[in-house]
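Asker: Spelled out, the chains give:
2 protein chains.
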Amino acid sequence: MRATVMYGAGDVRVEHVPDPVLTEPTDAVVRVLRSCICGSDLWPYASMPPSDRGRRMGHEFLGVVEDTGAGVTGLQRGDVVVAPFVWSDNTCDFCAEGLQTSCRHGGNWGHDLDGGQGEAVRVPQAQGTLVKLPAGEDSALLASLLTLSDVFCTGHHCAVTAGVNARTTVTVIGDGAVGLSAVLAARRLGAERILLMGRHKDRTDLGREFGATDVIAERGEEGIERIRELTGGDGTHTVLECVGTKDAIATAFGAVRDGGTVSRVGAPQYADVPMDFPVFLRNVTLTGGVAPARAYIDQLMPDILDGTIDPGRVFDRTITLDDTPAGYEAMAHRESLKIMIQP
Amino acid sequence: MRATVMYGAGDVRVEHVPDPVLTEPTDAVVRVLRSCICGSDLWPYASMPPSDRGRRMGHEFLGVVEDTGAGVTGLQRGDVVVAPFVWSDNTCDFCAEGLQTSCRHGGNWGHDLDGGQGEAVRVPQAQGTLVKLPAGEDSALLASLLTLSDVFCTGHHCAVTAGVNARTTVTVIGDGAVGLSAVLAARRLGAERILLMGRHKDRTDLGREFGATDVIAERGEEGIERIRELTGGDGTHTVLECVGTKDAIATAFGAVRDGGTVSRVGAPQYADVPMDFPVFLRNVTLTGGVAPARAYIDQLMPDILDGTIDPGRVFDRTITLDDTPAGYEAMAHRESLKIMIQP
Numbered sequence: 014m015r016a017t018v019m020y021g022a023g024d025v026r027v028e029h030v031p032d033p034v035l036t037e038p039t040d041a042v043v044r045v046l047r048s049c050i051c052g053s054d055l056w057p058y059a060s061m062p063p064s065d066r067g068r069r070m071g072h073e074f075l076g077v078v079e080d081t082g083a084g085v086t087g088l089q090r091g092d093v094v095v096a097p098f099v100w101s102d103n104t105c106d107f108c109a110e111g112l113q114t115s116c117r118h119g120g121n122w123g124h125d126l127d128g129g130q131g132e133a134v135r136v137p138q139a140q141g142t143l144v145k146l147p148a149g150e151d152s153a154l155l156a157s158l159l160t161l162s163d164v165f166c167t168g169h170h171c172a173v174t175a176g177v178n179a180r181t182t183v184t185v186i187g188d189g190a191v192g193l194s195a196v197l198a199a200r201r202l203g204a205e206r207i208l209l210m211g212r213h214k215d216r217t218d219l220g221r222e223f224g225a226t227d228v229i230a231e232r233g234e235e236g237i238e239r240i241r242e243l244t245g246g247d248g249t250h251t252v253l254e255c256v257g258t259k260d261a262i263a264t265a266f267g268a269v270r271d272g273g274t275v276s277r278v279g280a281p282q283y284a285d286v287p288m289d290f291p292v293f294l295r296n297v298t299l300t301g302g303v304a305p306a307r308a309y310i311d312q313l314m315p316d317i318l319d320g321t322i323d324p325g326r327v328f329d330r331t332i333t334l335d336d337t338p339a340g341y342e343a344m345a346h347r348e349s350l351k352i353m354i355q356p
Numbered sequence: 014m015r016a017t018v019m020y021g022a023g024d025v026r027v028e029h030v031p032d033p034v035l036t037e038p039t040d041a042v043v044r045v046l047r048s049c050i051c052g053s054d055l056w057p058y059a060s061m062p063p064s065d066r067g068r069r070m071g072h073e074f075l076g077v078v079e080d081t082g083a084g085v086t087g088l089q090r091g092d093v094v095v096a097p098f099v100w101s102d103n104t105c106d107f108c109a110e111g112l113q114t115s116c117r118h119g120g121n122w123g124h125d126l127d128g129g130q131g132e133a134v135r136v137p138q139a140q141g142t143l144v145k146l147p148a149g150e151d152s153a154l155l156a157s158l159l160t161l162s163d164v165f166c167t168g169h170h171c172a173v174t175a176g177v178n179a180r181t182t183v184t185v186i187g188d189g190a191v192g193l194s195a196v197l198a199a200r201r202l203g204a205e206r207i208l209l210m211g212r213h214k215d216r217t218d219l220g221r222e223f224g225a226t227d228v229i230a231e232r233g234e235e236g237i238e239r240i241r242e243l244t245g246g247d248g249t250h251t252v253l254e255c256v257g258t259k260d261a262i263a264t265a266f267g268a269v270r271d272g273g274t275v276s277r278v279g280a281p282q283y284a285d286v287p288m289d290f291p292v293f294l295r296n297v298t299l300t301g302g303v304a305p306a307r308a309y310i311d312q313l314m315p316d317i318l319d320g321t322i323d324p325g326r327v328f329d330r331t332i333t334l335d336d337t338p339a340g341y342e343a344m345a346h347r348e349s350l351k352i353m354i355q356p
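Line by line, the protein sequences are chains A and B. First residue of the first sequence? That's 14 in the numbering used here, and the numbers climb one at a time after it. First residue of the second sequence? That's 14 in the numbering used here, and the numbers climb one at a time after it.
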């Protein structure tokens with residue numbers, strides 16, 4: 014089959030690789046219907062050292078079950094399923110607590126295993142990992158259902174861990190696909206005042222449609238000042254940090270109200286966070302982390318199926334697998350917000 | 014009257030200062046029955062640059078109301094009251110949320126105002142700040158009631174913000190008075206497994222009486238390893254960081270379980286916290302901050318009055334006001350855990 018392999022910064026290729034086969038009784042093989050490129054794929058695309066072996070790419074996909082191991086029940090050939098971006102047994106104590114990203118028998122797609130950006134994937138711990146979708150292979154909802162794999166669940170995780178509800182004001186930092194998903198998730202959780210920090214008008218326009226009440230184009234100190242102006246000097250109860258840079262996290266601490274919470278879901282490109290004495294005096298909490306998408310899929314899916322939300326609008330371009338290298342380039346140059354791949 | 018003034022590192026004097034008088038209609042004047050020396054007083058005692066003017070000391074006290082301003086209701090001459098370590102109006106939106114440390118009309122004792130380590134104090138925002146105690150001037154409960162001013166409420170804040178309950182395992186870092194208070198608070202909130210990190214046997218013995226189930230004398234990497242050993246490799250759901258050093262906060266991140274919470278109430282002697290990619294992958298939350306003692310006094314007091322808890326056991330020495338300089342020295346040299354002052 015064909016699959017996407019990254020060999021170093023800027024070097025993404027679509028190549029022939031071995032077809033996936035069942036290896037463990039807990040495996041399934043899934044033929045990919047849709048996958049996509051993640052903002053986090055752009056970090057290695059910018060900085061990965063050259064590698065002879067390469068690294069299989071993609072951790073977001075939905076598809077059709079082609080085969081299942083003897084230990085897999087509840088799934089059969091022909092089922093349309095979505096895969097969260099971390100696989101897990103969904104039975105260990107961490108999974109039971111809703112932290113499937115720390116599953117005792119889980120792991121990550123890609124690298125030396127199959128990635129989502131290919132024609133098919135061997136899925137370890139298939140029974141715990143895959144979620145059946147009540148949708149056909151040609152459903153118009155596939156784009157939105159694909160966001161359950163990562164991006165919408167990540168925005169939702171950010172809002173949930175921050176404690177967003179109808180009484181909390183919200184700042185969202187970042188107008189990328191995760192930031193816009195966080196806006197949608199915050200609105201879904203009842204937030205009525207959502208301040209979106211971003212400077213790409215087409216993106217912030219979608220953010221407004223998703224529920225943002227104010228858009229702040231300024232960054233850094235100016236951005237913090239603007240948030241303060243808009244909130245009577247106080248900042249917002251919650252700040253959803255969806256970028257991952259040191260500047261973004263510093264802005265988050267400046268924008269949060271005393272006693273409030275900063276949640277971060279942007280993969281951190283920093284080692285330390287400024288949690289000094291002034292932050293201590295203000296009782297600011299820092300939470301978030303990698304999203305246990307599996308924990309959220311069942312609760313979010315109904316709102317997609319009944320049309321209440323349409324998180325798939327973050328995809329502004331669909332390409333074929335062969336065009337994946339160009340897709341990386343387009344996202345890296347911000348010519349595209351988020352790219353869906355239809356192999 | 015006499016009061017304690019710090020003129021620089023190691024230079025604490027008891028001097029004659031002007032008697033407090035009502036300045037604002039919201040003031041009261043309180044004659045001090047008991048005050049104490051805080052671990053946080055030891056930071057300036059170790060590092061304060063020399064000052065000609067000096068700085069009034071003490072932020073924990075209880076006493077008798079001597080006079081009240083025209084705007085103060087519900088308090089009268091002769092009432093025995095405790096003061097939280099930050100004064101507040103207890104009516105603004107932050108106070109209503111239980112964050113009196115961010116009160117819009119609040120402030121700190123000492124510095125250019127009266128401190129607790131003196132014979133009397135002018136109390137701003139007296140009606141919001143002071144809490145009446147159903148105890149006489151010679152009550153045997155004064156020591157425990159004094160801990161509501163800061164140290165026990167601080168331990169309680171640490172446990173509450175960490176989310177301690179009957180289902181959470183707990184590590185407490187630090188066997189100082191705050192750490193021991195955190196043990197007692199965690200036990201009171203139902204925690205059944207409390208691992209106390211400390212190496213002073215007399216202190217950890219009291220920690221065991223307060224509820225610690227295990228004592229870890231090792232520090233740093235060894236201490237983390239020991240916590241991991243005692244918890245099947247996982248660490249504890251909550252870590253209560255009651256020291257404030259960079260080493261202590263690093264230990265906290267090493268000792269916490271995936272998906273768990275580190276709460277810090279030790280005044281941070283650091284600017285940055287290690288919240289890098291591995292911590293992000295583990296979904297660790299960092300919370301805590303300066304404790305809004307006022308928010309907790311009413312709920313904790315009954316357990317002291319009925320003898321359920323006896324947090325005043327953290328005081329291992331009582332001195333007169335004149336001995337306060339020697340008291341600082343004894344605490345700085347760890348000859349005493351926490352010193353009570355009876356002016």
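Calculated directly from the structure, the hints in this document are not laboratory data. Quick caveat, the model's predicted, so the values are computed rather than measured. Where hints are given, some of them may not hold.
[What the hints assert, rightly or not] Reference excerpt, derived from the structure (chain B facing chain A, CB under 7 Å, subset only):
no., residue
1, Gly120
2, His124
3, Ala284
4, Val286
5, Asp289
6, Pro291
7, Phe293
[Unchecked claim] EDC-like, lysine to aspartate or glutamate: derived pairs with alpha carbons at most 16 Å apart:
no., chain 1, residue 1, chain 2, residue 2
8, A, Lys145, A, Glu238
9, B, Lys145, B, Asp92
10, A, Lys145, A, Asp218
11, A, Lys259, B, Asp335
12, B, Lys214, B, Asp92
13, A, Lys214, A, Asp92
14, B, Lys214, B, Glu234
15, B, Lys259, A, Asp285
16, B, Lys259, B, Asp285
17, A, Lys259, B, Asp92
18, A, Lys214, A, Asp329
19, B, Lys259, A, Glu342
[Unchecked claim] Chain A regions said to be covered by chain B (calculated; three or more residues, Cβ under 8 Å):
no., segment
20, 110 to 120
21, 277 to 288
22, 298 to 311
Every residue, glycine too, gets a C-beta built ideally from N, C-alpha and C.
Asker: If a hint holds in the structure, say so; if it doesn't, say that too.
Answerer: To see whether the hints hold, each was checked on the structure:
1. Hint status for B:Gly120: violated, given a least beta-carbon distance of 12 Å to chain A, over 7 Å.
2. Below 7 Å, beta-carbon pairs count as interface contacts, and B:His124 has none with chain A, the closest being about 15 Å; its hint is therefore violated.
3. The closest approach between the C-beta of B:Ala284 and any C-beta of chain A is roughly 4 Å, which is under the 7 Å cut-off, so the hint is satisfied.
4. Residue-level restraint check for B:Val286 holds (minimum Cβ-Cβ distance to chain A is 4 Å; threshold 7 Å).
5. The restraint placing B:Asp289 at the interface with chain A holds, with a minimum CB-CB distance near 4 Å, inside the 7 Å limit.
6. Evaluation of the B:Pro291 hint against chain A yields a violated restraint, the C-beta minimum of about 10 Å exceeding 7 Å.
7. At a threshold of 7 Å, the smallest CB-CB gap from B:Phe293 to chain A is about 5 Å, leaving the interface hint in force.
8. Of the supplied pair hints, the one linking A:Lys145 and A:Glu238 is violated, its CA atoms being roughly 46 Å apart against a limit of 16 Å.
9. The hinted pair formed by B:Lys145 and B:Asp92 meets the criterion: a straight-line CA distance of about 7 Å does not exceed 16 Å.
10. Proximity of A:Lys145 to A:Asp218 is assessed by CA-CA distance (about 33 Å); at most 16 Å being required, the pair is judged violated.
11. With a C-alpha separation of about 50 Å, the suggested pairing of A:Lys259 with B:Asp335 is violated against the 16 Å cut-off.
12. A hinted pair counts as satisfied when its Cα atoms are at most 16 Å apart, and B:Lys214 with B:Asp92 does not qualify at roughly 39 Å.
13. For the hint pairing A:Lys214 with A:Asp92, the CA-to-CA distance comes to about 39 Å; that exceeds 16 Å, so the pair is violated.
14. Between the alpha carbons of B:Lys214 and B:Glu234 the distance comes to roughly 21 Å, so the proposed pair goes past 16 Å and is violated.
15. The hinted pair formed by B:Lys259 and A:Asp285 meets the criterion: a straight-line CA distance of about 12 Å does not exceed 16 Å.
16. This hinted pair checks out: B:Lys259 and B:Asp285 have alpha carbons roughly 8 Å apart, not beyond 16 Å.
17. Our distance criterion of 16 Å between C-alpha atoms is broken by A:Lys259 and B:Asp92, whose separation comes to about 52 Å.
18. This hinted pair checks out: A:Lys214 and A:Asp329 have alpha carbons roughly 14 Å apart, not beyond 16 Å.
19. Of the pairs offered as hints, the one joining B:Lys259 and A:Glu342 is violated, with about 42 Å between alpha carbons and a cut-off of 16 Å exceeded.
20. Counting residues of the segment 110 to 120 of chain A whose beta carbon lies closer than 8 Å to any beta carbon of chain B gives 4, which meets the minimum of three for the stated coverage.
21. Only residues whose beta carbon comes within less than 8 Å of a beta carbon in chain B count, and the segment 277 to 288 of chain A has 9; three or more means the coverage holds.
22. With a threshold of 8 Å between beta carbons, the proposed coverage of the segment 298 to 311 of chain A by chain B holds, since 7 of its residues qualify and at least three are required.
Consistency note: the structure conflicts with the earlier hints numbered 1, 2, 6, 8, 10, 11, 12, 13, 14, 17 and 19.
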